[in-house]
Amino acid sequence: MRSKLVESGLFEGLLDPFTPDQFMELRWGGDNVALFGNFIPCQSLKRRPKLTYESQDEDRLHCALFFAVRDFLSVDQIKTADDEVTPVEEVMEKLSDEVAGKAAEANKKQFVHWARINMKGHWDTTGEDMVEYLPPCPLRFEGFFRYFMVLCKQSSKIIDWKSQQIKKHSIKGRECFDLQTILKAHKLRPLAANLVRTSWDESSDEVRATVTET
1 MRSKLVESGL FEGLLDPFTP DQFMELRWGG DNVALFGNFI PCQSLKRRPK LTYESQDEDR
61 LHCALFFAVR DFLSVDQIKT ADDEVTPVEE VMEKLSDEVA GKAAEANKKQ FVHWARINMK
121 GHWDTTGEDM VEYLPPCPLR FEGFFRYFMV LCKQSSKIID WKSQQIKKHS IKGRECFDLQ
181 TILKAHKLRP LAANLVRTSW DESSDEVRAT VTET
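Numbered continuously in my numbering, the sequence shown closes out at residue 214.
Incorrect hints may appear among the rest.
Beta-carbon label-pair distances, calculated as ranges [to be verified]:
id, residue 1, residue 2, range
1, Q180, A209, 28 to 34 angstroms
2, S170, T126, 22 to 28 angstroms
3, G121, A209, 33 to 39 angstroms
4, K187, G121, 16 to 22 angstroms
5, D21, K167, 32 to 38 angstroms
6, E54, T214, 35 to 41 angstroms
7, F36, E202, 24 to 30 angstroms
8, Q56, A209, 39 to 45 angstroms
Taking lysine to aspartate or glutamate and the DMTMM-like style, the derived pairs with C-alpha atoms no more than 20 angstroms apart in a straight line are [to be verified]:
id, residue 1, residue 2
9, K109, E175
10, K187, D129
11, K162, D178
12, K46, E206
13, K167, E206
14, K46, E202
15, K109, E213
16, K46, E132
17, K167, D205
18, K120, E54
19, K172, E213
20, K167, D129
21, K46, E25
22, K187, D21
23, K4, E25
24, K157, D124
25, K153, D129
26, K162, D129
27, K46, D205
Please keep in mind that the hints were generated in silico from the structure rather than gathered at the bench.
Where is the CB? At the ideal position from N, CA and C, for every residue including glycine.
Start from the sequences and build out the full structure, keeping to the hints where you can.
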């Protein structure tokens, strides 16, 4: 599992390397299961996923963080006459090293879609949503996005979370998410991780029509 996480780019500025020591499954129903970077259409990600994981201690508290990171640059989505897009590899070949480096750094920006805290045992039916689930909703022509789920062990129960709560249809606060900052602030230790990839479809616009900036 560690090798797959290395390939996913999770340890490239997003999270310090660790060796997963717990099983975790993220499922949206049917065959829509996170498999370390498989593609799932946005339409199939509209409902909050079911998270299950192993726990050696039924009293241990867990936190689950689900966030998006862009795969490619905005420049990689250059429309052609037939409304297709240019692959990122072709565009990157035309960029200078300096521009490519700045673009790669920009792609580390994170956006939190779901954060569930104080989960006891091995089910997400316990605990509370500090950030309510917002389905993936990338804009058209923005390319692919990686959606990571990171399961963490809490050192203690998170008490003062209601003042930081983000409601389902709210955008405010989600774009300020930084995984490293959250881990340090709440003394969280990563135990497992997985991810899926997706890109725009019509359901993305349906989700965006329901959100507010507050």
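Here's how the hints hold up against the structure:
no. : hint                            : in the structure
1   : Q180 - A209: 28 to 34 angstroms : 33 angstroms, holds
2   : S170 - T126: 22 to 28 angstroms : 24 angstroms, holds
3   : G121 - A209: 33 to 39 angstroms : 37 angstroms, holds
4   : K187 - G121: 16 to 22 angstroms : 20 angstroms, holds
5   : D21 - K167: 32 to 38 angstroms  : 33 angstroms, holds
6   : E54 - T214: 35 to 41 angstroms  : 39 angstroms, holds
7   : F36 - E202: 24 to 30 angstroms  : 27 angstroms, holds
8   : Q56 - A209: 39 to 45 angstroms  : 44 angstroms, holds
9   : K109 - E175                     : 8 angstroms, holds
10  : K187 - D129                     : 18 angstroms, holds
11  : K162 - D178                     : 19 angstroms, holds
12  : K46 - E206                      : 10 angstroms, holds
13  : K167 - E206                     : 17 angstroms, holds
14  : K46 - E202                      : 12 angstroms, holds
15  : K109 - E213                     : 18 angstroms, holds
16  : K46 - E132                      : 13 angstroms, holds
17  : K167 - D205                     : 19 angstroms, holds
18  : K120 - E54                      : 11 angstroms, holds
19  : K172 - E213                     : 5 angstroms, holds
20  : K167 - D129                     : 9 angstroms, holds
21  : K46 - E25                       : 17 angstroms, holds
22  : K187 - D21                      : 18 angstroms, holds
23  : K4 - E25                        : 15 angstroms, holds
24  : K157 - D124                     : 15 angstroms, holds
25  : K153 - D129                     : 16 angstroms, holds
26  : K162 - D129                     : 9 angstroms, holds
27  : K46 - D205                      : 12 angstroms, holds
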